[in-house]
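Put chain Z on the given structure of chain G with help from the hints.
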Amino acid sequence: MARFDKLEFGEKAKGQTPDLAKDLSTEGERDWLESADAQRRNGLFENALRFYSRALEDDKTPVTGWLGQVQMLVQLGEWPEAELWARKALELFPGHGDLTAGRAQALCRKGDPSQALTVCDGALKQSGTSAYRWLVRGEIMVATKQPTDRHCFEKAKLLDSDWLVALETALIYLHYRQPSKALDGARRAVEKASERYYAWYVQGLCQSQAGLDQPARQSFQRCLELCPRHVEAERQLLKLDARSWSLARLLRRLRGR
Amino acid sequence: MQCNNCRFENMPGVQACGRCGASLRLAALVIDVHPPRAGAWAKRWRRWLPFGGFNLPFGRFELRRGFNFSARGILGHGPGEGPAWAVLRRMVLPGWSQIYQGNAARGRWFLGSYLACLLLGLGTAGSFVGSVFLGLAVAAHASSTIDVAVSGLSSRQGRQFYSLMGCLMLALMIYVPAGWLATQVASPRQLLAAAAPFHRGDVVLVNFEVYGRREPHPGEVVLYDVRRATVASPTAWRTATQIAGERIDRILAGSGQKVTIDAGRVVVDGQPVPYLPLNPKRMPATLSVEVPSHCFLILPTTALADRYDLTGLDWQRLGLVPTSSVMGKVYLRHYPFWRFWWIR
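Taken in order, these protein sequences are the chains called G and Z. Following my numbering, the numbering of the first sequence begins with 37 at its first residue and continues without gaps. Following my numbering, the numbering of the second sequence begins with 36 at its first residue and continues without gaps.
Among these hints, one or two may not hold up.
[As the list claims (entries may be wrong)] In silico DSS-like cross-links for lysine-lysine, where the CA-CA straight-line distance does not exceed 27 Å:
1. Lys193/G to Lys181/G
2. Lys124/G to Lys78/Z
3. Lys78/Z to Lys181/G
4. Lys228/G to Lys193/G
5. Lys293/Z to Lys364/Z
6. Lys78/Z to Lys275/G
7. Lys293/Z to Lys316/Z
8. Lys193/G to Lys161/G
9. Lys316/Z to Lys364/Z
The set of hints was computed from the structure by calculation and includes no laboratory data.
Same shape as in the complex, but just chain G (with noise of 0.2 Å):
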């Protein structure tokens, strides 16, 4: 019977202790990427950053830690780092669609739109669909100041009604500076998500930056109701309790941006 002795069975038949250590760890992992997901719905980049590698340090192979890792880079700001990260993990997980698109999404926020938009078309050739890939397009036709934004996001909303793709589409007109188009998609995840604080706090960002001084004051401290030790909304108060009469501000508003 030696011509048998070879063939693979799988993990099963070997007996059950593996299968119940990797049990355990799934769901080591799976608590890291929920506490990741927690601290981004927060704002908390850094945390969540921190917590998507936890998570992958127990198990490499869900494709969420990966993302979410260039997603939190993208989120604070290290664009060239998050195309690097961007470009490993597609390394280990060939054509996937986020991916790619986070990958353009680090190079349109680098500069460099038109390549963005090519990789940002090769993610959505991808098998399947996800709003995140939609985020993306929009974000690259608002750098390249094109049209068809608005579809973009309303296809992302359509695709995950999650409160959070609307509270992207406005941290994606901010990040751009169009605080009044922004200003849309925070009402609507104030609208979905009433209690999260991180929403209020976006949303007042919008309405300060389109001069709309008492509404932002407004959403800040409900923000600072909500966490009353928000650090971040303190100071955007303070912000617009120091603030005076500014013509660029006004014009803006007129302009209608």
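Just chain Z now, kept in the frame of chain G:
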């Protein structure tokens, strides 16, 4: 074995997914899962110079890649890649970029014409011909830059802008600093009138900066500002003429020294000195003078036209030059070529 990437069910034992190529041994791979992070310094600088470059309304400039015009910038339509940094940095020498890009004949033509014009221009600097040749050299360099700039761009506006920027960068980064450095050691001055030992049109090099670092020494030939004086004319129809302005002559003595001139010999503090004024023929026959403080004795022998002469008192009055009137050291007559030599 199911692929984590595409959920494709692979045969057991395979290394990579048969559908998407993802590694199926990812869990066993020893790889770093911590992403690289930007330092605080890098993040701060990226606000101003993101990833070694900066964004402009019409595109982006990166230190490594050069200009990259945006598709919808003010420079027109279509993305146009500017020259790479490797080409850009070779623009410092005309023709080098063309040679680097493989167009050696064109590059040599640019380099040859530039070097020829530059050498002729430097050799005749200060004269009209020198100005023409130096201008041609700069034009050859600018042409080389424009040639590189336009070869990679398709839009007319992009070419215009890039050429303008290239020439501006050349001027600011090469020619203005080079001109400033050159004037620190050599400023050409052309003589407008013949005054022995110089001829009309001669160009001498003057170092204006040397006396900012040290005091002039007796025996050195200097450019100085001669005092305005009226000199009696030997002709009846013209009673007098004036001498004034910049002149070149030798310092005979410094402050506190006693100078005696007798029979064509110059004696300073009782010791004969080996040097004479630049035009010894116009030197006074006899003169005895003690140089006051903050003055030099420089006899204006090159300031007088033929047949004009000064009396003993005038020599004293004009020869004592305040220290502040000494402008720079004259050390070389470099044009015309056949009279090229050091002035000692």
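Pairwise hint evaluation, Lys364/Z against Lys293/Z, where the allowed Cα distance is 27 Å at most: Distance of about 23 Å is within 27 Å: holds.
Pair hint outcome, Lys193/G versus Lys161/G [Cα-Cα no greater than 27 Å]: The given pair, whose Cα atoms are some 19 Å apart, holds under the 27 Å limit.
Hint consistency between Lys316/Z and Lys364/Z [alpha-carbon to alpha-carbon, up to 27 Å]: Given that 27 Å is the threshold and the Cα spacing comes to 23 Å, the pair holds.
Hinted pair Lys293/Z and Lys316/Z, Cα distance within 27 Å: Satisfied, since the Cα-Cα distance of roughly 22 Å is no more than 27 Å.
Proposed proximity, Lys181/G with Lys78/Z (alpha carbon, max 27 Å): Roughly 26 Å between the alpha carbons, so the hint for Lys78/Z and Lys181/G holds.
27 Å Cα cutoff - pair Lys124/G, Lys78/Z: Within the cut-off at roughly 22 Å; holds.
Distance restraint between Lys78/Z and Lys275/G, which requires alpha-carbon spacing of 27 Å or less: Judged against 27 Å, a Cα distance of about 23 Å means the pair holds.
Agreement of Lys193/G and Lys181/G with the hint, judged by alpha carbon distance not exceeding 27 Å: holds (21 Å)
Agreement of Lys228/G and Lys193/G with the hint, judged by alpha carbon distance not exceeding 27 Å: holds (12 Å)
The structure shown violates none of the earlier numbered hints.
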